[in-house]
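Participant: Chain by chain, the residues:
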Amino acid sequence: MIAAIDLRGVRKAFGEHQVLDGIDLLVEAGTIFALLGPNGAGKTTLINILSTLVSTDSGSAVVGGADVVSDPESVRGLIGVTGQSAAVDPVLTGDENLRMMGRLLGLSRREAGVRSRQILDQLGLSDAARRRAGVYSGGMRRRLDLALSLIVTSPIIFLDEPTTGLDVRSRRELWDIIRSLRTAGTTVFLTTQYLEEADELADRIGMLSGGRIIATGTPADLKAQTGVQMVELRGDSDVLLREVPTDGSLRGLRLAIDDLDAEFDDGEVTIRRPSLDDVFLTLTGPADTHTGAGAPRTERP
Amino acid sequence: MTTSLASRPSLPFATEEATFIARSLRHSVRNIDALIMAIVLPLLLMILFVFVFGGAIDETGGYVTYVVPGIILLCAGFGAASTAVDVANDMETGIIDRFRTMRIRSSAVLTGHVVASLVRNLIATGIVIAAAIGVGFRPIAGPADWFAAVAIVALYILAITYLFAAIGLASGSPEAANGYGFILLFLPYVSSAFVPVDTLPDWLRGFADNQPLTPIIETIRGLLTGTDLEHQPVLAIGWCAAILVASVAWGTVMFRRKAGRR
Numbered sequence: 001m002i003a004a005i006d007l008r009g010v011r012k013a014f015g016e017h018q019v020l021d022g023i024d025l026l027v028e029a030g031t032i033f034a035l036l037g038p039n040g041a042g043k044t045t046l047i048n049i050l051s052t053l054v055s056t057d058s059g060s061a062v063v064g065g066a067d068v069v070s071d072p073e074s075v076r077g078l079i080g081v082t083g084q085s086a087a088v089d090p091v092l093t094g095d096e097n098l099r100m101m102g103r104l105l106g107l108s109r110r111e112a113g114v115r116s117r118q119i120l121d122q123l124g125l126s127d128a129a130r131r132r133a134g135v136y137s138g139g140m141r142r143r144l145d146l147a148l149s150l151i152v153t154s155p156i157i158f159l160d161e162p163t164t165g166l167d168v169r170s171r172r173e174l175w176d177i178i179r180s181l182r183t184a185g186t187t188v189f190l191t192t193q194y195l196e197e198a199d200e201l202a203d204r205i206g207m208l209s210g211g212r213i214i215a216t217g218t219p220a221d222l223k224a225q226t227g228v229q230m231v232e233l234r235g236d237s238d239v240l241l242r243e244v245p246t247d248g249s250l251r252g253l254r255l256a257i258d259d260l261d262a263e264f265d266d267g268e269v270t271i272r273r274p275s276l277d278d279v280f281l282t283l284t285g286p287a288d289t290h291t292g293a294g295a296p297r298t299e300r301p
Numbered sequence: 302m303t304t305s306l307a308s309r310p311s312l313p314f315a316t317e318e319a320t321f322i323a324r325s326l327r328h329s330v331r332n333i334d335a336l337i338m339a340i341v342l343p344l345l346l347m348i349l350f351v352f353v354f355g356g357a358i359d360e361t362g363g364y365v366t367y368v369v370p371g372i373i374l375l376c377a378g379f380g381a382a383s384t385a386v387d388v389a390n391d392m393e394t395g396i397i398d399r400f401r402t403m404r405i406r407s408s409a410v411l412t413g414h415v416v417a418s419l420v421r422n423l424i425a426t427g428i429v430i431a432a433a434i435g436v437g438f439r440p441i442a443g444p445a446d447w448f449a450a451v452a453i454v455a456l457y458i459l460a461i462t463y464l465f466a467a468i469g470l471a472s473g474s475p476e477a478a479n480g481y482g483f484i485l486l487f488l489p490y491v492s493s494a495f496v497p498v499d500t501l502p503d504w505l506r507g508f509a510d511n512q513p514l515t516p517i518i519e520t521i522r523g524l525l526t527g528t529d530l531e532h533q534p535v536l537a538i539g540w541c542a543a544i545l546v547a548s549v550a551w552g553t554v555m556f557r558r559k560a561g562r563r
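For the protein sequence lines, the chains are A and B, in the order given. Here the first sequence stands for residues 1 to 301, where the numbers follow this note's numbering. Here the second sequence stands for residues 302 to 563, where the numbers follow this note's numbering.
Chain A with its partners taken away, still in its complex shape (with noise of 0.2 Å):
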């Protein structure tokens, strides 16, 4: 395997927070990795490292070839990075934005415009191209964000969070120009919070809990080890009195509820997919209920 991003034992505090707490992560060239994990897990952490944004304190962090601490310039010239915050110029219009950002990146004025108008009409934003990016909608603010680090092949992008925030159309469509990146040979590092977003986009996938990558794996991995269904009994008052597992099949389901028959008088069975929180609580273990999934913690910068 050729690595396009290579972790070995980062760690960073901010003060008494020890953020990400030694994380060791290969990611192959050409492929779309998905960093998965709660709020306050570390992940947008991780990317400002792997951006040149933020420092480690210790161990290393390999981008493209360059270490990101020793040779910024060189991360710099490698990477696309698309932030939580839409980071675009408000009182620009889209076109005037993506000119801008294709002129730092090296494209004459001739060649920034020509692409400008392929990415705004390749990301949908055509009709809003001299509007000024301050009266975008979310959506569109995002998607211009996204266009921004587009309008150059860069052999590698990080996209924290792409889709948040988003719609169910144009986070279907994001999803699509993700897809096409890969095909075009970039390497795509996202995080998200989704396990079904990780699941449709990513070859492989890491988990994030408390500032370590608790598993990796591609998607068929890691469903293997939650199943792909959960069963669900509840009882009066919508009370949960039990969850079980289960594979999908005919026969798993009649097993699943077979289990809570002999266990439970009466109640409602409703069946879902797994969540986010199945897979950290399957992934952590019971003794780590209280500090896995779901505790809301302050994401920081």
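If you are wondering where the hints come from, they were derived from the structure by calculation, not from laboratory data. Each hint should be verified, as a subset may be incorrect.
To be verified - Coverage of chain A stretches by chain B, computed from C-beta distances (three or more under 8 Å per stretch; other residues unrestricted):
1) 1–13
2) 45–57
3) 88–97
As the list claims (entries may be wrong) - Below, computed lysine to aspartate or glutamate pairings styled on DMTMM-like, alpha-carbon distance capped at 20 Å:
4) B:Lys559 with A:Asp57
5) B:Lys559 with A:Asp278
6) B:Lys559 with B:Asp398
7) A:Lys223 with A:Asp278
8) A:Lys223 with A:Glu243
C-beta: ideal position from N, C-alpha, C; glycine also.
Chain B: place on chain A using the hints.
Facilitator: Below, chain B without anything else, positioned relative to chain A:
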């Protein structure tokens, strides 16, 4: 193994500066409120001083000649103050973080704001001077005097803009940046801008005589209206240079702190 990919080369000379100057000029043109403030407010002040207070200050009607150099500096100060807000805005919106992940000199963002402020304020100064001539300002300056006066005004705008840029970096938010700006705008009132320093009470005179604006105003007044220059130009240039150097140094430190690696 890790693959070594080909990094984008550095940009041709001054591409960042050209790009960011164009950006800041667009911002200036589109921020209509600030633009109008920068031109209309000094005009109103000039009308106020010439026609409302002017008669009481100098009954012969010659006050317009005295006050215009002060109004010019006041105008430059107003226009430059919005640079603090522009810079604080950039720091807050996250666009600076995007620039920092790119292979560019991101500090050129500041150059963009400073040059745009210079252009903006020189135009505003031109309008104020034209209006002053309209209300009876009669400078006796030759071409060389005019050139020297404009050069001093430009140097002052540059110095004070850099100071406001550093204030914008140092303040936590655009709102705070706006507040700090106003403190500095009171300086012209305690200088020789509107009344001769001799007329001030003793305890103010010491400050007014030795603060930076007085020699700058006296230099412009001397060049345009022929009052005695004495050593004022040297002091004026010295003050501007000192403010510029200190502000650039402060701004550089603040930029590293705000937009350096955390």
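Participant: For this structure, which hints from the list above don't hold up?
Facilitator: 5
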